[in-house]
Amino acid sequence: MSVQIEHDKTAYEEVHPLNAIAGSKRPDPPNALASTMAFAHRALLRIKHVPEQMFDVTLFPIIFLLMFTYLFGGAIAGSTGEYLQFLLPGILVMTVSQITMYTGIDLNNDIRKGIFDRFRTLPIWLPSALVGALLVDVIRYSLASAIMIGLGLVLGFRPEGGVMGVLGAVLVILLFSFSFSWIWTAAGIIMRSEKSLMMVSFLVVFPLTFVSNVFVDPSTLPSWLQGFVNINPISILATAVRGLMHGDGTWEQIGWVVVVSAIFVVIFAPLTMYLYRRKE
Amino acid sequence: METRNGERQANGLAVEAAGLVKVYGKERAVDGVDLVIPKGTVYGFLGPNGAGKTTTIRMLATLIQPDSGSATIFGHDLKTESAAIKSRISLTGQYASIDEDLTGIENLVLISRLMGYTVKEAKLRAAELLSAFGLENAAKRQVKKYSGGMRRRIDIAASIVVTPDLLFLDEPTTGLDPRSRNQVWEIVRALVQTGTTVLLTTQNLEEADQLADRIAVINQGKIIAEGTSSELKASVGTGTLNVQLLDSADQAQATAILEHKLNVAVHVSTDGLTLSAPAKDSSIVAEALGELGKEKIGISDFALGRPSLDEVFLTLTGQSASDQPIEEENS
Chain Z
1 MSVQIEHDKT AYEEVHPLNA IAGSKRPDPP NALASTMAFA HRALLRIKHV
51 PEQMFDVTLF PIIFLLMFTY LFGGAIAGST GEYLQFLLPG ILVMTVSQIT
101 MYTGIDLNND IRKGIFDRFR TLPIWLPSAL VGALLVDVIR YSLASAIMIG
151 LGLVLGFRPE GGVMGVLGAV LVILLFSFSF SWIWTAAGII MRSEKSLMMV
201 SFLVVFPLTF VSNVFVDPST LPSWLQGFVN INPISILATA VRGLMHGDGT
251 WEQIGWVVVV SAIFVVIFAP LTMYLYRRKE
Chain W
1 METRNGERQA NGLAVEAAGL VKVYGKERAV DGVDLVIPKG TVYGFLGPNG
51 AGKTTTIRML ATLIQPDSGS ATIFGHDLKT ESAAIKSRIS LTGQYASIDE
101 DLTGIENLVL ISRLMGYTVK EAKLRAAELL SAFGLENAAK RQVKKYSGGM
151 RRRIDIAASI VVTPDLLFLD EPTTGLDPRS RNQVWEIVRA LVQTGTTVLL
201 TTQNLEEADQ LADRIAVINQ GKIIAEGTSS ELKASVGTGT LNVQLLDSAD
251 QAQATAILEH KLNVAVHVST DGLTLSAPAK DSSIVAEALG ELGKEKIGIS
301 DFALGRPSLD EVFLTLTGQS ASDQPIEEEN S
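Order-wise, the sequence lines are chains Z and W. When we follow my numbering, the leftmost residue of the first sequence carries the number 1, and every step to the right adds one. When we follow my numbering, the leftmost residue of the second sequence carries the number 1, and every step to the right adds one.
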């Protein structure tokens with residue numbers, strides 16, 4: 001321990017352990033909602049104590065939007081103003097999808113520290129540990145969306161779908177991101193270190209987000225690539241978000257996002273919980 | 001002694017395990033561990049790093065599944081009734097099992113809520129624990145800024161938010177200074193006084209001697225001796241002979257004489273001046289010392305005493321563990 005701590009006068013306060021022994025009343029284990037809320041509260045406290053973790057949802061969106069608008073706008077669409085109309089919904093999708101990976105990193109850190117073991121020996125509905133954290137992540141994703149859309153409006157983005165269209169688009173993104181996060185929770189349990197997890201996440205996220213319709217119209221691509229781009233979940237989400245923001249969305253587009261999200265949850269939530277229980 | 005949970009207390013055992021095995025790759029981390037731990041006692045796992053102590057505890061705490069063997073905790077089967085077991089046990093791991101970014105009180109409120117207290121009750125319980133563990137002044141400080149002793153205390157406090165019937169403590173005092181260590185011992189004794197069973201691991205022989213009613217010495221995944229502290233000492237012999245030589249040049253000859261006379265392996269200290277050997281019969285010891293005198297080997301001091309746990313441990317693990325496992329039969 002460091003020298004600074006050794007001089008700490010609280011280190012040697014008297015202990016009266018008998019005062020800490022609880023009486024015979026043992027509370028009933030918490031229900032799923034109560035434990036989920038407790039975990040969500042923990043995630044909020046972590047934001048309070050480690051505010052740096054909010055860089056990814058505040059600085060990333062700003063940098064990405066400025067960078068891609070001014071770097072590619074002229075080249076791809078002829079003008080930055082026009083490109084922004086096309087780009088903003090897509091780059092919002094890309095940014096939020098990329099920050100979902102931090103959910104896995106938090107879990108990975110919990111595992112390597114001892115707290116994961118404690119949670120697993122508690123008489124609780126185990127998924128609440130993850131669901132609580134993911135709910136707070138939804139708040140983070142909302143913040144990232146708000147920042148990006150706000151900045152977009154300043155730069156000249158004009159969503160024809162109006163306020164309702166934009167809100168609808170954000171809701172669709174939140175649904176997708178919550179579902180997509182389960183991939184990272186599963187990966188976060190499997191991977192041994194934060195480093196390897198980051199590497200795997202980038203390997204998955206970068207091709208998915210770039211080889212999509214986020215930056216360019218897929219009709220300009222070779223046909224074999226078009227095939228992938230069209231079934232890429234990121235493209236499916238970007239299409240729906242674009243439609244909603246510009247007021248020409250269809251229920252079919254939204255329906256596909258719901259289907260893709262459901263597939264992620266159905267596969268990766270049970271897989272995550274299986275791994276969570278079995279982790280050694 | 002009140003029982004906090006009335007059901008299935010029939011056989012009076014907290015833990016009963018038979019043939020627990022856990023294999024990682026080629027290594028048999030735990031290799032056939034049998035355990036019988038009566039309720040309300042402190043049971044000590046004593047062994048060096050990598051002996052299989054932590055793996056055994058993690059199996060009993062439902063964190064990992066044994067590859068073979070079976071166990072019951074308060075009569076509940078480890079494989080099929082883990083939910084029932086979880087409501088009775090608590091684990092304080094080797095590394096802080098709390099969120100170091102949160103403050104002390106935030107951690108205890110979190111765990112209290114997860115044990116089923118309402119937010120209001122959780123705050124009261126957290127405050128009560130902090131004051132009992134001398135952490136009131138550190139309540140609003142992040143745990144990562146705590147000293148080692150404070151960290152250990154908050155960790156144990158988190159484990160007894162609801163007083164468990166069985167508490168696992170994995171090396172609770174490793175790395176602590178003597179005063180912090182005594183505080184942890186005080187906490188363990190208080191818990192046992194109110195009926196909690198404690199299963200602790202330690203590398204510290206004094207700790208096992210001080211706290212544990214029964215001790216299992218573990219090496220290479222096997223229990224190589226089991227019993228009370230005095231039974232373990234007795235199993236090594238009636239005592240240990242320590243001989244202090246004047247000149248380390250005599251060491252080889254002296255060792256040979258003692259080994260011949262006592263018919264046991266002699267342990268030589270690193271400075272080459274102290275020889276120690278288990279001694280079963282004091283008249284043979286006298287003969288051996290006489291022989292040293294005849295050979296004009298200078299002795300500055302000798303002592304024949306009941307063996308310390310250190311010597312027990314050395315005797316048991318010094319030989320290759322599979323060679324002559326000393327298995328204690330206890331009534």
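Warning: the hint list may mix true and false statements.
DSSO-like cross-link-like pairs, simulated, lysine-lysine; straight-line CA separation at most 30 Å [stated by the list, open to error]: (1) W:144 to Z:113; (2) Z:25 to W:123; (3) W:222 to W:280; (4) W:140 to Z:113; (5) W:140 to Z:48; (6) Z:279 to W:79; (7) W:280 to Z:279; (8) Z:195 to W:144; (9) W:280 to Z:113; (10) W:222 to Z:25.
Residues from chain W that keep clear of chain Z, each with C-beta distances beyond 10 Å, as calculated [what the hints assert, rightly or not]: (11) 132; (12) 252; (13) 305.
FYI, nobody ran anything at the bench for these hints, they're computed from the structure. We put the beta carbon where it would ideally sit given N, CA and C, even for glycine.
For each hint, the structure was consulted:
no. : hint           : in the structure
1   : W:144 to Z:113 : 12 Å, holds
2   : Z:25 to W:123  : 16 Å, holds
3   : W:222 to W:280 : 26 Å, holds
4   : W:140 to Z:113 : 21 Å, holds
5   : W:140 to Z:48  : 13 Å, holds
6   : Z:279 to W:79  : 15 Å, holds
7   : W:280 to Z:279 : 49 Å, violated
8   : Z:195 to W:144 : 22 Å, holds
9   : W:280 to Z:113 : 48 Å, violated
10  : W:222 to Z:25  : 39 Å, violated
11  : 132            : 3 Å, violated
12  : 252            : 44 Å, holds
13  : 305            : 34 Å, holds
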